[in-house]
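Assemble the whole structure, with the sequences as input and the hints as a guide.
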Amino acid sequence: MSSLPSARTLRRATTGVFASALLVGALAACGDDHETAEKRDPGSTSSSSAKDVKESEKADLTVLAASSLTDVFGEAKKTYEKEHPGITLKFSFAGSQELAAQVRQGAPADAIVTADTKTMDGLKGETGTPAVIAKNRLVIAVGDGNPEKVDDLKDLTDPKLKVVLAAKEVPVGNYSRQVLDKQHLKVKAVSEEPNVRAVLSKVQLGEADAGIVYKTDAATVPDKVDAIDIPDAQNAVASYPAAALKGSKHAEATADFLTWLSGSEAQSILQHAGFQQP
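In terms of the working numbering, the sequence shown opens at residue 0 and continues consecutively.
For the record, the hints were derived by calculation from the structure and aren't laboratory data. Errors might be hidden in some of the hints.
Stated by the list, open to error - Taking lysine to any residue and the SDA-like style, the derived pairs with C-alpha atoms no more than 25 Å apart in a straight line are: (1) K89 <-> A218; (2) K123 <-> S238; (3) K161 <-> K187; (4) K123 <-> E251; (5) K134 <-> T116; (6) K76 <-> I268; (7) K123 <-> A166; (8) K185 <-> A235; (9) K161 <-> L179; (10) K57 <-> V102; (11) K81 <-> S261; (12) K187 <-> D150; (13) K57 <-> K76; (14) K89 <-> D255; (15) K167 <-> D120; (16) K185 <-> P230.
Claimed, not checked - Between beta-carbon pairs, the in silico distance windows are: (17) E191 <-> G262: 32 to 38 Å; (18) D143 <-> K181: 26 to 32 Å; (19) K134 <-> G73: 15 to 21 Å; (20) V189 <-> G144: 19 to 25 Å; (21) D255 <-> S190: 36 to 42 Å; (22) H183 <-> E80: 44 to 50 Å; (23) K76 <-> L184: 20 to 26 Å; (24) K159 <-> A130: 42 to 48 Å; (25) T156 <-> A250: 45 to 51 Å; (26) R103 <-> G262: 28 to 34 Å; (27) K187 <-> T87: 42 to 48 Å; (28) D231 <-> G85: 41 to 47 Å.
Backbone N, C-alpha and C fix where the C-beta goes; we use that ideal spot for every residue, glycine too.
Here it is as structure tokens:
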């Protein structure tokens, strides 16, 4: 026959049970406090942190770009946005000198790509460090079938020929004059245009017999204009520097896009359009 537990044993058991109950209650309270804290600060959870990171990757980037990049950047936009679903690229195309003026006037934008280093150098106080992403060369654009039988730069001096050039303030206009001056050729332009696309349009519409444009621009309308090559020894090389603007509200996303422009995928797109490696 077993003996009954002593009073001391009963007191010890009761104390143990009471202590255990207090511990469980304390743990439960901590759990409740933690849950309440998570509700007050959803960013403290790992899933919320992931959400925050995802939202930080969303941005509408405005890129000021030289007119000669219109078509190729259209292709780049499709590829980049597909690979970066949170990013929307918005391009504003114009002559490089006009883009620089917009930056100086405080136009809201994230990056700029010009068709020459001179224009970019003039924006040193407004941009980060630029990097050349592509190069280009000049050609003589003439009507389809070359009706005026233009063969070379010397032919552009014919006073009967309607030649159109970009204004000297525009990179392609400056390059054109460098090429002509190097050959000691005097060409009287019937008009001076604000960007290379305007020169191309004049020739395309038959309003001019010839014009000097970038090789890549002439290649965008091969069924409407012919491109007469200019020998390398007489030609000029256009460089396209790209840089982030210091006023950008999306510095990280802008840096990622500019890095991508120098990468193999973007370079393949640029070279397919006729641009040369930087």
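Hints, verified against the model:
1. K89 <-> A218: Satisfied, since the Cα-Cα distance of roughly 24 Å is no more than 25 Å.
2. K123 <-> S238: The hint holds at about 17 Å.
3. K161 <-> K187: Judged against 25 Å, a Cα distance of about 9 Å means the pair holds.
4. K123 <-> E251: Answer holds: K123 to E251 is near 20 Å, not above 25 Å.
5. K134 <-> T116: holds (11 Å)
6. K76 <-> I268: holds (11 Å)
7. K123 <-> A166: Distance of about 24 Å is within 25 Å: holds.
8. K185 <-> A235: holds (17 Å)
9. K161 <-> L179: With Cα atoms ~16 Å apart, K161 and L179 stay inside 25 Å; holds.
10. K57 <-> V102: holds (24 Å)
11. K81 <-> S261: The given pair, whose Cα atoms are some 18 Å apart, holds under the 25 Å limit.
12. K187 <-> D150: holds (18 Å)
13. K57 <-> K76: holds (15 Å)
14. K89 <-> D255: holds (15 Å)
15. K167 <-> D120: holds (17 Å)
16. K185 <-> P230: Holds: K185 and P230 sit about 18 Å apart, inside 25 Å.
17. E191 <-> G262: 32 to 38 Å: holds (37 Å)
18. D143 <-> K181: 26 to 32 Å: Taking Cβ atoms as reference, D143 and K181 lie about 29 Å apart, which means the hint holds.
19. K134 <-> G73: 15 to 21 Å: Holds: the Cβ-Cβ distance is about 20 Å, inside 15 to 21 Å.
20. V189 <-> G144: 19 to 25 Å: Since V189 and G144 have Cβ atoms about 21 Å apart, the given range 19 to 25 Å holds.
21. D255 <-> S190: 36 to 42 Å: Once the Cβ atoms are compared, 41 Å apart, the range 36 to 42 Å for S190 and D255 holds.
22. H183 <-> E80: 44 to 50 Å: Given about 48 Å between the Cβ atoms, the range holds.
23. K76 <-> L184: 20 to 26 Å: violated (39 Å)
24. K159 <-> A130: 42 to 48 Å: Hint holds: Cβ distance 45 Å, inside 42 to 48 Å.
25. T156 <-> A250: 45 to 51 Å: holds (50 Å)
26. R103 <-> G262: 28 to 34 Å: With Cβ atoms ~30 Å apart, the hint holds.
27. K187 <-> T87: 42 to 48 Å: Between K187 and T87, where Cβ atoms are some 45 Å apart, the hint holds.
28. D231 <-> G85: 41 to 47 Å: Holds, since D231 and G85 (Cβ atoms, about 43 Å apart) stay within the stated range.
In this structure, only the earlier hint numbered 23 is contradicted, and the remaining ones agree with it.
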